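Whenever a hint applies, use it, and build me the whole structure from the sequences.
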Amino acid sequence: MAIIDNNLSLRNRNKMLVGVWEDEDKLIEATSELVHAGVKIHDVYTPYPVHGLDRIINARRSWLSIVAFLCGMTGFALAFWMIYYMYVQDWPVDVGNKPVRFTPSWVPVLFEATVLCTAFGMGFFFFLRNRMIWGIQPELLDDRQTDDRMIITVETGDHVDENQVLKIMKAHGAVELRERIAGVQTAL
Amino acid sequence: MIHDSLIRERLVTGGKTASDVTRDIARPILNKPSTAWKVGFTLSIVFLGIFIVSLFWTLWTGIGTWNINKSVMWGWDITNFVFWVGIGHAGTLISAILLLFRQKWRMSINRSAEAMTIFAVICAAMFPVFHMGRVWVGYWALPLPNAFGSLWVNFNSPLLWDVFAISTYFSVSLLFWYIGLIPDIATIRDKVKTKTAKYWYGFFSMGWTGSTRTWARYELISLILAGLSTPLVLSVHTIVSTDFATSVIPGWHTTIFPPYFVAGAIFSGFGMVATLLVVARKVMNYENYITIGHLEAMTKIIMLTGTLVGIAYLTEFFIAQYSGVEYEQYAFINRASGPYWWAYWSMMFCNLASPQVFWFKWARTTPWFIFIMSIVVNVGMWFERFVIIVTSLHRDYLPSSWVMYAGSLTEIGLFLGTFGIFFTCFFLFAKFLPVINMSEIKTILRNRE
Numbered sequence: 001m002a003i004i005d006n007n008l009s010l011r012n013r014n015k016m017l018v019g020v021w022e023d024e025d026k027l028i029e030a031t032s033e034l035v036h037a038g039v040k041i042h043d044v045y046t047p048y049p050v051h052g053l054d055r056i057i058n059a060r061r062s063w064l065s066i067v068a069f070l071c072g073m074t075g076f077a078l079a080f081w082m083i084y085y086m087y088v089q090d091w092p093v094d095v096g097n098k099p100v101r102f103t104p105s106w107v108p109v110l111f112e113a114t115v116l117c118t119a120f121g122m123g124f125f126f127f128l129r130n131r132m133i134w135g136i137q138p139e140l141l142d143d144r145q146t147d148d149r150m151i152i153t154v155e156t157g158d159h160v161d162e163n164q165v166l167k168i169m170k171a172h173g174a175v176e177l178r179e180r181i182a183g184v185q186t187a188l
Numbered sequence: 001m002i003h004d005s006l007i008r009e010r011l012v013t014g015g016k017t018a019s020d021v022t023r024d025i026a027r028p029i030l031n032k033p034s035t036a037w038k039v040g041f042t043l044s045i046v047f048l049g050i051f052i053v054s055l056f057w058t059l060w061t062g063i064g065t066w067n068i069n070k071s072v073m074w075g076w077d078i079t080n081f082v083f084w085v086g087i088g089h090a091g092t093l094i095s096a097i098l099l100l101f102r103q104k105w106r107m108s109i110n111r112s113a114e115a116m117t118i119f120a121v122i123c124a125a126m127f128p129v130f131h132m133g134r135v136w137v138g139y140w141a142l143p144l145p146n147a148f149g150s151l152w153v154n155f156n157s158p159l160l161w162d163v164f165a166i167s168t169y170f171s172v173s174l175l176f177w178y179i180g181l182i183p184d185i186a187t188i189r190d191k192v193k194t195k196t197a198k199y200w201y202g203f204f205s206m207g208w209t210g211s212t213r214t215w216a217r218y219e220l221i222s223l224i225l226a227g228l229s230t231p232l233v234l235s236v237h238t239i240v241s242t243d244f245a246t247s248v249i250p251g252w253h254t255t256i257f258p259p260y261f262v263a264g265a266i267f268s269g270f271g272m273v274a275t276l277l278v279v280a281r282k283v284m285n286y287e288n289y290i291t292i293g294h295l296e297a298m299t300k301i302i303m304l305t306g307t308l309v310g311i312a313y314l315t316e317f318f319i320a321q322y323s324g325v326e327y328e329q330y331a332f333i334n335r336a337s338g339p340y341w342w343a344y345w346s347m348m349f350c351n352l353a354s355p356q357v358f359w360f361k362w363a364r365t366t367p368w369f370i371f372i373m374s375i376v377v378n379v380g381m382w383f384e385r386f387v388i389i390v391t392s393l394h395r396d397y398l399p400s401s402w403v404m405y406a407g408s409l410t411e412i413g414l415f416l417g418t419f420g421i422f423f424t425c426f427f428l429f430a431k432f433l434p435v436i437n438m439s440e441i442k443t444i445l446r447n448r449e
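Chains Z and P, in that order, are what the protein sequence lines are. The working numbering numbers the first residue of the first sequence as 1 and each following residue consecutively. The working numbering numbers the first residue of the second sequence as 1 and each following residue consecutively.
Hints in this document: simulated from the structure, not taken from any laboratory. Bear in mind the structure is a predicted one, so any value in this text is a computation, not a measurement. Where is the CB? At the ideal position from N, CA and C, for every residue including glycine. Keep in mind that a hint or two might mislead.
[What the hints assert, rightly or not] Here chain Z is said to cover these stretches of chain P; the calculated rule only asks that three of the stretch's residues, wherever they fall, bring their Cβ under 8 Å from a Cβ of chain Z:
{"#": "1", "segment": "11 to 20"}
{"#": "2", "segment": "156 to 165"}
{"#": "3", "segment": "176 to 190"}
{"#": "4", "segment": "197 to 207"}
{"#": "5", "segment": "213 to 226"}
Okay, structure coming up:
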């Protein structure tokens with residue numbers, strides 16, 4: 001599995017069918033109906049998170065929580081090593097002849113370092129997986145897709161019956177239907 | 001089956017649609033700044049000027065420009081530090097803890113509360129940093145190799161824990177806030193007209209398109225960050241409280257400090273959120289988004305945490321007398337009846353007594369009254385830190401070290417000046433970024449169960 005999600009890029013795609021919705025419920029209906037009919041949906045774009053859509057289109061469950069855990073463990077280990085090196089190995093401080101070893105006073109620094117590494121490690125992989133970086137050009141299909149419009153895209157290929165897809169989209173409340181060939185959209 | 005709720009009150013009133021939300025919330029960003037904004041911003045800049053002058057004076061002459069002395073070495077300075085850190089906590093509480101509890105009313109206020117967290121932590125950090133005196137060697141607080149022949153940092157010291165806690169808290173809050181902002185920055189990107197604005201909103205929107213796959217990961221990372229921020233916010237004020245509690249100063253050496261400080265932090269933070277939002281909803285015309293219901297929910301939290309703090313005051317007083325330790329007993333009797341009695345009773349009045357008015361529905365639903373109460377809460381919480389620090393320090397173990405303390409003009413200037421930093425940042429935020437989380441608000445327009 002590639003780290004960067006290639007599904008997100010619209011470059012070098014076959015002809016795509018683009019349906020536009022204005023109602024969340026109808027969008028969910030249309031998506032489920034398309035999946036039922038055996039159509040592989042490329043993606044659904046919404047201005048706000050619509051719960052359950054990712055499951056309907058069979059998007060794989062994210063590994064982000066596991067990544068977060070691993071980053072946290074790394075942070076913990078690094079912080080433990082840092083304190084151990086500085087406080088026990090390199091320059092042990094004799095306070096009233098107490099033994100120099102792990103004490104609960106290490107816990108706050110260990111905890112903070114764990115949280116810091118988890119958050120930033122997870123953030124890093126989140127941006128990487130989603131192809132997000134400062135300055136990258138957004139590949140928009142409609143200038144209102146971040147406002148109030150929702151979009152379903154289907155990539156055409158050998159096993160896609162275009163007429164069937166368009167029929168289902170139309171029957172379930174699509175307000176606009178378009179096709180996108182080589183980056184140019186035309187209304188249908 | 002999903003139904004429209006028949007029982008719950010709507011969180012967004014006025015029958016708004018998704019495009020109305022975008023239009024209403026993006027209005028201050030797309031339009032020229034209003035007169036109210038200009039006046040507020042200018043005032044903030046004036047206070048920022050006071051900060052710069054006071055800071056310049058402090059650095060030029062030295063810490064001697066402050067009235068802190070041999071016994072009261074933590075006067076206004078650390079009072080202000082704890083005051084600002086505490087204010088920051090409500091932002092994380094609203095965005096993280098209320099997210100975990102699935103409290104949907106938080107969606108109208110989380111963005112501004114998180115911004116408040118970040119600006120408040122910036123203000124807070126000023127104080128310990130400049131209290132070091134030689135601020136140009138401030139990086140010695142970090143665990144760096146001992147190139148100067150000195151030791152490593154001391155991992156047993158709560159002051160070092162603070163360095164880690166505050167910097168982690170600031171950076172994780174910033175990340176959480178920024179990730180939350182990305183979809184809204186993208187919305188603004190697709191609305192602005194000028195080339196420069198399009199470029200910068202485009203730059204920071206990181207190519208956001210609203211793909212379902214991205215949304216699913218976005219929701220997951222928000223949830224995990226909320227789960228991380230919750231213990232983080234508790235740890236930060238716990239560590240701030242151990243700055244006091246691990247010392248052997250009468251009045252500080254108590255195990256009740258961590259929960260007491262955390263409750264106080266949430267209390268003061270909600271005070272500040274209420275101050276900001278009561279004004280913002282009026283000036284920016286957001287009454288349909290920040291409704292009376294939102295204000296009422298906030299006042300309930302203010303009342304609850306105020307009462308918690310009040311119980312902590314009474315408990316520490318009781319335990320001091322019950323402990324049989326005469327230093328502890330004296331410290332508390334001296335707080336209530338010594339030369340700083342006025343500070344103690346101001347604290348008691350503002351934090352314990354006054355929030356009890358929120359038992360009455362009228363008090364919870366009248367914006368101008370909530371605004372006044374929120375100021376009272378902030379004053380009370382400043383006095384709480386002043387009482388803890390100054391009353392415990394001005395009576396040393398040695399009576400020959402007994403002193404009185406009052407802030408100097410420079411210290412007062414620095415404190416007022418941090419309001420300049422805070423409000424300058426807040427006004428810039430209100431002009432350039434959406435004050436309400438548009439993409440989250442759009443999910444609750446239908447009042448679904």
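Status of the hints after comparison with the structure:
Only residues whose beta carbon comes within less than 8 Å of a beta carbon in chain Z count, and the segment 11 to 20 of chain P has 3; three or more means the coverage holds. Coverage of the segment 156 to 165 of chain P by chain Z holds. Counting CB-CB distances below 8 Å, 6 residues qualify, and the rule asks for three or more. With 8 residues carrying a beta carbon less than 8 Å from a beta carbon of chain Z, the segment 176 to 190 of chain P meets the three-residue requirement, and the given coverage holds. With 6 residues bearing a CB less than 8 Å from a CB of chain Z, the segment 197 to 207 of chain P meets the requirement of three and the coverage assertion stands.
Counting residues of the segment 213 to 226 of chain P whose C-beta sits closer than 8 Å to any C-beta of chain Z gives 11, which meets the bar of three, so the coverage hint holds.
The earlier numbered hints are all upheld by this structure, with none contradicted.
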